[in-house]
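Novice: Listed here are the chains, written in short residue letters.
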Amino acid sequence: MSGGLEGFLALELSGEPATVALAAGGGILERRIPGERGRAVLAEVDALLRQAAFTKGALRAVLCGRGPGSYTGLRIAAATARSLGFALGIPAVGLPGFDAAAHAWFEENPEAEGLQLLQDAFRREFYLGRATPSPGGTPAVEINVVGGEELRERWEPRIPWLGDASVQDALPPGAPPPRAPLAPRARDLLRLAGALAARGRDPQDPRAFPPTPLYLRPALTRKRGQPS
Amino acid sequence: MSPARTVLGIESSCDETAAAVVHGGREVLASVVRSQVEEHAAWGGVVPEIAGRGHLQALVPVLQETLDAAGLGPRDLDAVAVTHRPGLLGSLLVGLSAAKALAWAWERPLVGVDHIQAHAYAALMSLEAWSFPYVTLIVSGGHTSLYRTESPLEHRLLGSTRDDAAGEALDKAAALLGLPYPGGPAIEKAGREGNPRAFPFKRPLLEPDSLEFSFSGLKTALLYTLKGPGGRREDPTRPEAASIPDLCASFEACVAETLARKCLRACDREGIDRILVGGGVARNLRLRRTLADLAAREGREVAFARPEHCTDNAVMVAGLGHALLEAGRVDDLLLDARAR
Numbered sequence: 000m001s002g003g004l005e006g007f008l009a010l011e012l013s014g015e016p017a018t019v020a021l022a023a024g025g026g027i028l029e030r031r032i033p034g035e036r037g038r039a040v041l042a043e044v045d046a047l048l049r050q051a052a053f054t055k056g057a058l059r060a061v062l063c064g065r066g067p068g069s070y071t072g073l074r075i076a077a078a079t080a081r082s083l084g085f086a087l088g089i090p091a092v093g094l095p096g097f098d099a100a101a102h103a104w105f106e107e108n109p110e111a112e113g114l115q116l117l118q119d120a121f122r123r124e125f126y127l128g129r130a131t132p133s134p135g136g137t138p139a140v141e142i143n144v145v146g147g148e149e150l151r152e153r154w155e156p157r158i159p160w161l162g163d164a165s166v167q168d169a170l171p172p173g174a175p176p177p178r179a180p181l182a183p184r185a186r187d188l189l190r191l192a193g194a195l196a197a198r199g200r201d202p203q204d205p206r207a208f209p210p211t212p213l214y215l216r217p218a219l220t221r222k223r224g225q226p227s
Numbered sequence: 000m001s002p003a004r005t006v007l008g009i010e011s012s013c014d015e016t017a018a019a020v021v022h023g024g025r026e027v028l029a030s031v032v033r034s035q036v037e038e039h040a041a042w043g044g045v046v047p048e049i050a051g052r053g054h055l056q057a058l059v060p061v062l063q064e065t066l067d068a069a070g071l072g073p074r075d076l077d078a079v080a081v082t083h084r085p086g087l088l089g090s091l092l093v094g095l096s097a098a099k100a101l102a103w104a105w106e107r108p109l110v111g112v113d114h115i116q117a118h119a120y121a122a123l124m125s126l127e128a129w130s131f132p133y134v135t136l137i138v139s140g141g142h143t144s145l146y147r148t149e150s151p152l153e154h155r156l157l158g159s160t161r162d163d164a165a166g167e168a169l170d171k172a173a174a175l176l177g178l179p180y181p182g183g184p185a186i187e188k189a190g191r192e193g194n195p196r197a198f199p200f201k202r203p204l205l206e207p208d209s210l211e212f213s214f215s216g217l218k219t220a221l222l223y224t225l226k227g228p229g230g231r232r233e234d235p236t237r238p239e240a241a242s243i244p245d246l247c248a249s250f251e252a253c254v255a256e257t258l259a260r261k262c263l264r265a266c267d268r269e270g271i272d273r274i275l276v277g278g279g280v281a282r283n284l285r286l287r288r289t290l291a292d293l294a295a296r297e298g299r300e301v302a303f304a305r306p307e308h309c310t311d312n313a314v315m316v317a318g319l320g321h322a323l324l325e326a327g328r329v330d331d332l333l334l335d336a337r338a339r
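So the sequences go chain by chain: F and P. So the first sequence is residues 0 to 227, counted in numbering that gives the first Met the number 0. So the second sequence is residues 0 to 339, counted in numbering that gives the first Met the number 0.
Read the hints as simulated data drawn from the structure, not as lab findings. Here the structure is a predicted model, which means the values were calculated and not measured. A virtual CB, placed ideally from N, CA and C, is assigned to each residue, including glycine. Check before you lean on any hint, since a few could be wrong.
As the list claims (entries may be wrong) - Over 12 Å on every C-beta distance to chain F, these chain P residues come out as not near it, computed from the model:
hint, residue
1, 5
2, 107
3, 216
4, 266
5, 335
Stated by the list, open to error - Quick look at which bits of chain F chain P covers, simulated, 3 or more residues with Cβ under 8 Å:
hint, segment
6, 36 to 44
7, 186 to 200
If we strip away everything but chain F, and leave its shape as in the complex, we get (with noise of 0.2 Å):
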């Protein structure tokens, strides 16, 4: 399924598991990255490429997750698809994780109408998705860094949702489980390019997709001399 994306290198560092795959030989190879902060994200690049008898002279693209998630692994993501595609002259692009994650979803959920997605986002926020399917192509999805009143407000109880369950205490009471942990993959990554080229769009670009975190909040909030 990958034949369009051979040479495609993903890296999905926002939460837990981060990942690594490769699109080659026609299929997909994934690598979970041991370890904290990405650490050995390149001993597994380095590992998969081996792995899979693949030059990195053959690459054509670097491909990062942007998130929502981690900040520091995000950026580490986002560091190394960039520096390598200097380094190798290939581009290097970026998808959102919770886009990647919806769209395997409702690939192996084609009936399902809508889905959300939540995590924490700390700071007594979260990070709410809203997905919705697009036949034969990929979900639009809305994300947005909502507080815990908003986010009862916003929840739609009816459509299912992916999340981990230590966040289920912030929904309105007799909300339903998740039906599965949001963990964006790098496979996935490389599955929504597969669906955006399919669809005529070019996933090598890096003005359509950049290689840059989604920084959902400001840095920070309070300048020298203001008020805290």
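Since the structure of chain F is already known, use the hints to place chain P on it.
Specialist: Relative to the frame of chain F, chain P by itself:
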């Protein structure tokens, strides 16, 4: 002895994104530094999340500009050196991730560099010939430490700050005085015409044999000076304009003299007559004059890093990286970033 090699250095430990190419540990072929100081000025200090975002945006353009300026390609490089400690973790990880990617893609050795040791190397680079051992002072916004330096790779800690780094004290003093960030250059500029003896701040030399530093009390002394007799002035951040040059000169003189006297104390204790000084505060002219004068009176020599190599840069990273490469100290792709 192996032939001199060409090393690409990458620095991203705080708020400067930098890359450099250095041949043989000394010959600078290219150096590019992109500072984020304007982005952080509104907050009065470095904001880690802003720094991390800035490094990610700047890194590849800085690398491209550096290689273009050097007129070199990947085949001309023998290793990739990178600061991996100490510093802001989120910032270090951007540079380290990039260095790993380049080293892997170009099949070159990866060399992890300690930022403090790199500042010491910057001071060594200012000398034609080296004559070890040295007493080394590294003084910046994040570090104030004294070392006994036996070689570019051997530094034994003699003492460091118990609280604020010297540069941090200058930044905080500038904030109290209503001066812009970064505080060190602002205080230096404002104090240029001031009287350094106008306000006799007590020199925080601590115990007679101590090689540690403490600048937090000095900052408090400035605050009480600003509040005036009896602490009457309601808004101590608005001192009388006429006193600002004298306050700046006096505060800066106190910091400079304290640093200088500690260096000389370390020389006495270690039986060493040569001093190296590196780090961002080493640019400060009052520190340079004070230490040079006091050392000369005792027949001691002082070497400061060149001004352009005092603030964070990648020349010192590539230079020290060359020394590590010569010593066979290279790292693998599992090299990690460490805040301390």
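Novice: A separate judgement is required for each hint: does it hold in the structure or not?
Specialist: Results of checking the hints against the structure:
no.: 1; hint: 5; verdict: holds (16 Å)
no.: 2; hint: 107; verdict: violated (10 Å)
no.: 3; hint: 216; verdict: holds (24 Å)
no.: 4; hint: 266; verdict: holds (39 Å)
no.: 5; hint: 335; verdict: violated (5 Å)
no.: 6; hint: 36 to 44; verdict: holds (count 8)
no.: 7; hint: 186 to 200; verdict: violated (count 0)
Of the numbered hints given earlier, the model fails hints 2, 5 and 7; all others are met.
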